[in-house]
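Following the hints, position chains B and C against chain A.
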Amino acid sequence: MQTFLGLYNFWVVIVLMMIGFYIVIAHDNLVKKIIGLNIFQTAVFILYISAGKIQGGTAPILGEPGAVYSHPLPHVLILTAIVVGVATTALGLALIVRIHEAYGSNEEDDLLVLDRREDSP
Amino acid sequence: MSLLWLPFLPLAGALLVVMAGRLPNLREALSLLTAAVLAALTFSWYPVVTAGETPTVVLFDFLGSAQLAFSLEPLGLLFASVASGLWFVTTLYAAGYMRGNNEAHQTRFFTCFAIAICGAMGVALADNLLTLFLFYELLTLSTYPLVTHKGNAAARRGGRIYLGILLGTSIGLLLPAIVLTWVLTGTMRFEPGGILDGQVSQGMATLLYLMFAFGVGKAALMPFHKWLPAAMVAPTPVSALLHAVAVVKAGVFSILKITVYIFGLDFAAQGDITRPVMWVAAFTLIAASLIALTRDNLKERLAYSTVSQLAYITLGAALATSMSVMGGAMHILMHAFGKITLFFCAGAIYTAAHKTLVSELDGLGRAMPFTFGAFLIASLSIIGLPPLGGSWSKWYLMLGALDAEQAIMMAVFMISSLLNIAYLLPIPARAFLFKPPAGSPIGLREAPLASVVPLCLTATGCFCLFFLPGPLMALLSPWNDS
Amino acid sequence: MTAQLPALQILLPMLASALCVLLRSPAGAWLCFTLATWASFAVSVLLVLATRSGAILSYEMGGWEPPFGIELRIDALNAFVLLIVSGMAAVMAPFARSSVLAEIEQTRVYLFYALVLLCLTGLLGISITGDAFNLFVFLEISSLSSYAIIAMGPNRRALLAAFQYLIMGTVGGTFILIGIGLMYMLTGTLNMADLAERLPAMADSRTEKAALGFIVVGASIKLALFPLHAWLPNAYAYAPSLVSALLAATATKVAAYVLIRFIYTVFLPERAFDGLMLSELMMALAAIAMIAGSVVAIFQHNVKLLLAWSSIAQIGYIVLGAALVTTAGLAATTLHLLNHAVAKGCLFLALGVIVWKTGGARLSDLAGLGRTLPWVGAAFVIGALSLIGVPFTGGFITKWYLLVAVAEQELWLLAGAVVLSSLLSIIYMGRVIETLYFRAPSQGTTRSEPVPVLMLSSVWLLALLNVAIGSYSEPFAAIARTAAGQLLGGTP
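Residue numbers (the numbering used here), protein chains in the order written: chain A, 1 to 121; chain B, 122 to 603; chain C, 604 to 1095.
Simulated from the structure, these hints should not be mistaken for laboratory data.
Just so you know, not all the hints are guaranteed correct.
As the list claims (entries may be wrong) - According to the in silico footprint, chain C covers these stretches of chain A (three or more CB under 8 Å from chain C):
{"no.": "1", "region": "31-42"}
{"no.": "2", "region": "46-56"}
{"no.": "3", "region": "75-81"}
{"no.": "4", "region": "84-95"}
{"no.": "5", "region": "99-108"}
Glycine included, every Cβ here is placed at the ideal spot set by N, Cα and C.
Extracted from the complex, chain A is given alone in its bound form (with noise of 0.2 Å):
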């Protein structure tokens, strides 16, 4: 009972985690599948800064002296990996753009249909 409530962060994070990988895989829209690599990511942003909370600290953000500070360090770390995040977002979506103009939809199975049949006229 300890381990499964006092550990609660650890499964919201596989959960999370789960539920953005599923939707990678069993989703066929684009735009879905971006949104699934969010949720994927966020959960591992999550886990990394659930990691690095001390019990009664506070954002580490430096103010009064002999303040107890939860550590800092996978804030930093977490604030580059949402950067890239980020940046792995708007390049899915700039792709998704373009694949939408060049094919006219934003399936996979559709997309990959139209590409067999340019290969097999």
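Quick look at chains B and C alone, frame taken from chain A:
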């Protein structure tokens, strides 16, 4: 004068030929000159090697401690002499043939010829298995453009089988066998007495011998013999080169060398190490002769004859006695002269009369007496009848079989001789004795001089090799037990 | 100056990338690209010379001491990978001039070069850094820019290929991030050398095994190790010619480096391989990759797809050597990083010339080109012979070392797989060569201008390098052996 001239002079020759490409006479002259110089240089090593020395040149570390190195010993000198000497004769013949038949891409032809000879010399002079493998593959690759010279669909198909089988066997069986030898013994050098004795178990040695024998695809042991008849799509000088001078001899030479210097005759004679290969060789011997009987295309018949004759040498190696090895080595020389004559004749017949089938050759002997005369002499040499060179090698091979207590192999040799008579003798016999079939063109004359002179030279060689075996015997004296 | 070399290795392409964005003209961008790649190559040569004897260079970014600051740490393996990556980019720069102009719209050429330089920065950064999170950041830099440059291919399928690569690549990168996070939580440090010291104290912890698992899977996705290879064929096939060549020669090598670095230096081999049966798993996957990749390649009509599947097979060789956990195996792997880069680079560049000339890369487009473009045909033959493993080419050297390494461990089935894969490559390479030389040229649209000398020079530089390595490989083999020794000696 360094040993390195022998493998690298042909490369220099190839470069010269490429540069002289636009001037056919200069190009041919350069080819002939290189060939003549190479032959002279090779023969000049006779006294040194016959005296028992083994000159060696180490180039550099090629793969870790495995080196690229050359050394000269009796078997190698024999093969090198055959290759360089007959290169000269073949170039003479090829010049006439290519011009007579107006073939295209002649510069490419002579360049690849030269590179192939470089490969053959490299194989002859190899000091260790790695060097042998390197030049063996060079030989395969440089002869591919020669086999596919005509560039048509048939050439492509023939080339595919040629390259497929040769590369397949060498990368699939020979290379692993070499790696295995390296890993098991720590060395790849050819040493008198072999390097495997005491280092590997009998079972492993048997497996290794099988891998080597089949891995050397150029020796055309069945079932990897298909490339030989497939390579008949090449112009005749290429067939002469392949079947007498470079490619096939490199194959059986490699097997002889591996048997003597990697396994060692004493080790190889133990147990059943060479027994499986012996039986495969015996089977190939007979089966190829039988197939040759059924083939009407002259070149194809000669190809299967070659497969059979190569099996003689492989069998000699597998019998693993001094006499049989000596017989095998002699057969490299005797068969080279005999087969090259036969192929020259086939080419001359094609050039002069445009005939390729045996059934069409009745009565042609009267119009082409020199060609068919040479054909007769070469046939008798291959059959193994005195007073022609081939009888010596047959004699020693049979002595070797007796030594190895394999009387059945003597029977195999004798049956094979009968089969040789059956598929070779009818050709000159019918050419001289039968009348030409009705409707054949009148005015058929002998082939041009450039084709006839070389074949007469090599036919005379078959003769001389019987009467002047002295230098040969002196060279092979380490294996002469009689 | 020499003390700042490690930082220069990353800074040169990064700043050049920014410069490219400022220089709008295609010619200016190309010039900037060429100078930057050549300068990077010069730096990497100096670094190799400094580390080939076994020395380890350490550079503190910003003067902050490790393990708190980011450290750039170069040993023999690193330096070799840097040499390969920057060398390939430098050789391909002359080729890029005409190829890029033909395939990318004029107004975007400068952006294209900027992205390629950014990708190069990322790849070089991955190879040089000694900090795990820094590795992730550079990994994402190189990945994002490669998604973008692949998408700039002429065919619309490039977009879909880039998108699929984006999805898989991001998942892979995120897995690596998870792994790094787990390790950080265990030990409190991100510096790879420090991690190597602190992880053994956490022996048999499930977290450690999970971290290793995530990192191996993440790196395998980037490496396109079977069965995580699905993104590679399309990405290589539909990208612009320069991108296919550059990525084929560099990206997978760097991913292999990441895998080897984490397994051998951070986790230390005994722990990594005992705990998870990693060695057997990698060997099995490598064997399947070698054979499956070759078999699929035989049936391809698009030569770029054929070469991509061939790459998947070659990645099997690379992983096989690493899975053996012996000096011989690791040396073979390291050498193959070089030989495969040179061979595949040469093949893709030759194909790039053909695409430039005929507009397509299908087998039918290649018909008869061996005679109309003899130099390109000859270079292609040399590259093909290297893939098959014929003596006097680089491929033979690798094949020999790999076979010896496998035979020493008496793994006969694996030796058979290596040999079988070579035999299969004879088939698919033979098909292409036959088409080049034996078929009549097709009637498609071909440019009438002769092939630019710069393009041919890149191709032939690689072909000659291939033959040179095949004839005299000792210098590189020595570096490979030093690298293998360092990896197994546990020197972080």
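Quick rundown of the hints versus the structure:
1. Proximity of the region 31-42 of chain A to chain C, defined as three or more residues with a beta carbon under 8 Å from a beta carbon of that chain, is established by the 4 residues found.
2. Coverage of the region 46-56 of chain A by chain C holds [criterion: at least 3 residues with CB-CB distance below 8 Å; count 3].
3. With 3 residues bearing a CB less than 8 Å from a CB of chain C, the region 75-81 of chain A meets the requirement of three and the coverage assertion stands.
4. Counting residues of the region 84-95 of chain A whose beta carbon lies closer than 8 Å to any beta carbon of chain C gives 6, which meets the minimum of three for the stated coverage.
5. Under the rule that three or more residues need a Cβ within less than 8 Å of chain C, the assignment of the region 99-108 of chain A holds, with 3 such residues.
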